[in-house]
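Asks: Protein chains in written order, with my numbering: chain A, 1 to 325; chain B, 326 to 653.
It is possible that some hints are incorrect.
Calculated pairs, DSBU-like style, for lysine-lysine (alpha carbon to alpha carbon, straight line, at most 30 Å) [said to hold, decoys possible]:
hint	chain 1	residue 1	chain 2	residue 2
1	B	LYS474	B	LYS499
2	A	LYS240	A	LYS122
3	A	LYS240	B	LYS523
4	B	LYS499	B	LYS451
5	A	LYS240	B	LYS474
6	B	LYS523	B	LYS499
Some chain B residues well away from chain A (every beta-carbon gap over 12 Å; in silico) [what the hints assert, rightly or not]:
hint	residue
7	ALA385
8	GLU400
9	ARG406
10	PRO498
11	GLU528
12	VAL630
Note that these hints are calculated values from the structure, not bench results.
In this text, a Cβ means the ideal position worked out from N, Cα and C, and glycines have one as well.
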Amino acid sequence: MLAFIVQRALQAILVMAVMSVIVFVGVYAVGNPVDIVIPPDATIAMREEVIRRLGLDLPLWKQYGIFAWNLLHGDFGRSFVYNMPVLELIGGRLPATLELVLISILFATVVGVSLGIYAGVKPDSLLSKLIMGLSILGFSVPSFWVGLILILTFAVSLGILPAGGRGETVTVFGVPWSFLTLNGLSHIVLPALNLALFKLAMMIRLARAGTREAMLSDTVKFARAAGLSEATILRRHVLKLISIPIITVFGLELGSTLAFAVVTETIFSWPGVGKLIIDSITVLDRPVMVAYLVLTAFLFVMINFTVDLVFAAIDPRIRSGRQSA
Amino acid sequence: MTAVLEVRDLRTEFFTAAGTVRAVNDVSFSLDEGEIIGLVGESGSGKSVTGFSLLGLIDAPGRITGGSVRLNGSELVGMSRGELRRRRGREIAMIFQDPIATLNPLLTIGQQMGLALSAHERLSPKATEDRCTEALERVGIPSARARLKSYPHEFSGGMRQRVAIAIALLHRPKVIVADEPTTALDVSIQAQIVTEMKMLAREFGVAMIWISHDLAVVSGIASRILVMYAGRIVETGTAAEVLRNPIHPYTRGLLDSMPHATRPGEMLRQIPGSMPSMLSLPPGCAFAPRCPRADAACTAVPELVQQGGRSWRCVHPLTQPDHEGATA
């Protein structure tokens, strides 16, 4: 187990190093931020001064070297636009995205897996057909359109839920959270639902396919032949048998949604990191873009690592495979 | 001898989009206490479906559409699902072909045995562990108590099947349906398991239905043999009689296609043609298209003829043992 963790840690470091180079070079290629940072009526002297101060006059490799050196010391640099440390900037926005994404993914997983198992156990019932029909809808309707319809229906027409913003927050451990107040919670409902819809559809399909397969397996037949009740079979056998693909997708979706909840955050003016990165790209705020992408890569590495650990906890064959490796 | 299981005119049908398949067609037999019978036929003959029907484990689109299955005197056909469940594992149990597929790879042996125990009995964790250990010891698994914490993949194929047998024996059922229990195992392990199951059956007075396509294995364990073809039982008799003196041409074909029926170097004899599709069975005897003795009389379903301890469904029974080549 220890060997596995060390090996994965080394892999992670390599991935992060490569990622940082790709991101840095990529962002460098996007364009020169000087024109956006300085006022249009600045003199040539002022312009030269800014370029020197931001280190933009150095060759690419030197710029990267400074960036990497600072990164190793925990310094992601300062935003050109906000003129504050990037880490502070992202850190201030992250809780908003974190609570939105976690709530929507947990909702999608719990509800989706339950509906999917039901549809897998009773494939011919009317309710199952309805569930599967809805899941196709969840796949095929674009998320921005659903967001607009949600706002139109619940905020504009019915007026029962707010259309945007985070609402009231409570500060816990120095971080503001919305989901702890009733008002904040009412602000989360619509964006979380919007974000959850596609994932819900996917979880339903995954759980249904897995359940269908498991219900026809010899394992379930043997359990039935031993007189186990259907409820026990579902809880103890099927749920475990279908968990691996569900956890895989859960991890992948968690990462990509945390990093790219942009559309939903924009529609519901949710002050999360998605909005921050889009704003940074439009003004070529290089340090924010680079730090954000590097952090995203780190996030994915960590999620994959956790998912692998969970696999090993669930499946003894993976565990023993590792011991012999 | 009293019969623990009596099957009368059992009929199981599958209602598929392509048509209705009568996988089990008027099957009748009885099983005495402690008796072992072999149910033999090619794949698709309906032998496994017969086994599942006995436990009431036919999934949609299939259904038992007629007949009766009496287990210890109570009728299973038409019994409520809950009642059936309470009997499965306690009065009638089943073992399957591939133990790697039947055991859940993600649960320890102890957990799986515990689940099977708690399906019918409420026991303390300690008592559960004792019962499971005892059950594993009974089927010859060394250091049983420690192995309860092992997962299926940590056992060899033969050991896994022993675990499955231990689970089937947990509640000391009266009847075990064994569906090709040795087919997935090495030949040397096969013989071991067959011998052990024979001993266990005698020790516990368990009656067994041994389903197999392999006449050689069946003849080693069963006292009586039922030969099945296209959903019907076409011949029955004691194992020795059926092997020595087959009456139905299909049984003869099965015997001839066994490797030791031919001399070394000689081509294996096989039954010409293949099982007809169950969706479009020929009228009359289903074996007629493949049968060397078939003629116009075979277009009507042959009646079941009973004589002495034997029965058969054939218009042209092989009364002569030396039909078509030598008998071994």
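Asks: Hey, is GLU528 (chain B) genuinely clear of chain A, shortest beta carbon separation above 12 Å?
Replies: holds, 20 Å
Asks: Mind checking the alpha carbons of LYS474 (chain B) and LYS499 (chain B) for me, to see if they're no more than 30 Å apart?
Replies: Within the cut-off at roughly 29 Å; holds.
Asks: Holds or violated: are the alpha carbons of LYS523 (chain B) and LYS499 (chain B) at most 30 Å from each other?
Replies: This hinted pair holds, its Cα atoms lying about 14 Å apart.
Asks: Confirm or reject the statement that GLU400 (chain B) sits farther than 12 Å, beta carbon to beta carbon, from all of chain A.
Replies: Holds, since 18 Å exceeds 12 Å.
Asks: Is the Cβ of PRO498 (chain B) more than 12 Å away from each Cβ in chain A?
Replies: violated, 10 Å
Asks: Can we trust that ALA385 (chain B) is non-interface, i.e. its beta-carbon lies farther than 12 Å from all of chain A?
Replies: ALA385 (chain B) is in fact no farther than 12 Å from some Cβ atom of chain A, at 7 Å.
Asks: Is it true that the CA of LYS240 (chain A) sits at most 30 Å from the CA of LYS474 (chain B)?
Replies: holds, 17 Å
Asks: Is the Cβ of ARG406 (chain B) more than 12 Å away from each Cβ in chain A?
Replies: With a cut-off of 12 Å, ARG406 (chain B) comes too close to chain A, as the shortest Cβ separation is near 9 Å.
Asks: Regarding the assertion that VAL630 (chain B) does not contact chain A, is the least Cβ-Cβ distance greater than 12 Å?
Replies: About 35 Å separates VAL630 (chain B) from the closest Cβ of chain A, which puts it past 12 Å; holds.
Asks: Would the pair LYS499 (chain B) and LYS451 (chain B) pass a check requiring their Cα atoms to be no farther apart than 30 Å?
Replies: Holds - the C-alpha atoms of LYS451 (chain B) and LYS499 (chain B) are around 26 Å apart, at most 30 Å.
Asks: Within a Cα-Cα threshold of 30 Å, do LYS240 (chain A) and LYS523 (chain B) meet the stated pairing?
Replies: violated, 35 Å
Asks: Would you check the hint for LYS240 (chain A) and LYS122 (chain A), treating anything up to 30 Å between C-alpha atoms as holding?
Replies: Distance ~19 Å between LYS240 (chain A) and LYS122 (chain A) Cα, so the pair holds.
This entry does not satisfy hints 3, 7, 9 and 10, going by the numbered hints stated previously.
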